[in-house]
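Using the sequences and the hints, build the whole thing.
As you go down the protein sequences, you meet chains A and B in turn.
Just so you know, we're using the numbering used here here: the first sequence kicks off at 1 and counts up by one.
Just so you know, we're using the numbering used here here: the second sequence kicks off at 1 and counts up by one.
Below, simulated DSS-like cross-link-like pairs (lysine-lysine); rule was C-alpha separation at most 27 Å, straight line: (1) A/Lys2 <-> B/Lys27; (2) A/Lys87 <-> B/Lys27; (3) A/Lys3 <-> B/Lys27.
Derived from the structure by calculation, the hints contain no laboratory data.
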Amino acid sequence: MKKLLALIISLALFIFLFQLVMETPSKLLSERVSSRYVQKNVLSSGEAEETSANLVTSVVLSYRGLDTLGEVTVLFAAATGVAFFMKNVKERLNFLFSSFIVQTGARVVSPLLVTLGIYIFIHGHLTPGGGFQGGTTIAITTLLLYVAGGLVERKRTVFRTLEGLSGSVYVLIGLMGLAVGGAFLYNFLPLGKIGELFSSGIVPVIYVLIGIKVGSELSNLVLHTTGGDNS
Amino acid sequence: MNLYTFTSLLLIAIGVYGLLSQRHLFKMLVSLSVLELGVNILLVSIGYSKDGVAPILTPPEQIINPVDPLPQALVLTAIVIGVGTTALMSAIIVKIYKRTGTLDLSSNRGEDE
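Below, the structure is given as structure tokens:
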């Protein structure tokens, strides 16, 4: 009976959403908010508006930088909540019986993975990718090393320090923008030429910081839920 | 209305059905993840344009007919938040299991402290 009711409700919701999407006028979809982001002025001879080649990055960090700060805060709150709830739970996942092949393979692959993660978040304003993706790659490395036999168990303090430091520097850069240009997260560094590594001002700096923060945060999360607790 | 939009609406409906019908906490968590995936695909598919290219400026410094970068930016952050909230929900579920010894919501009314 309850399942039938649930089926009816979800079906009604589906039909409602279907109607809503079908009746959305195509005019609304052709005049997009982001069309001005796409046709931004990128010439460095005049006053360039914003010079990151990856438009998703320019939306995330330039036009909506404050939202990204809030989003990083939400991730921090989630990681803190996991740490709080897992504090007194004794039973953890244990992968301490890994074979020789897994251990050696993890030792070979993990430096390459960390390098790939750093590459992804340094080039976040030029190519697909960025701080979130690169940070996740680094966290995957932590998980791999943990599966290979607890090689990262004592790194937790390092991760915690890195996370706090990068978050603080993010806010600090925003406040510097407030002091220099009169707006929080104002882009006060030289914008440079589009397509170069050192371009678009504070955007690559902030994306590197976000990469470090997300990487250490998710690594800490992995270590909390698995058995990386030596304290 | 393309195939992606239709699939995302279907995923949203499946997620809502799972949330309403299941009483097992981990099944509810999986339903919530499916719902979240559906919403993400819906957002990206709103920004889809036919024969669109990736929104990355290449040397002529202009792109013809890119897909919408704004929903992609939203979904980029939503995915990361999703990872965090899924981990938090899992931790809470583990804690509930430790406290009450069951994962079934219908046998767990909160009075058994």
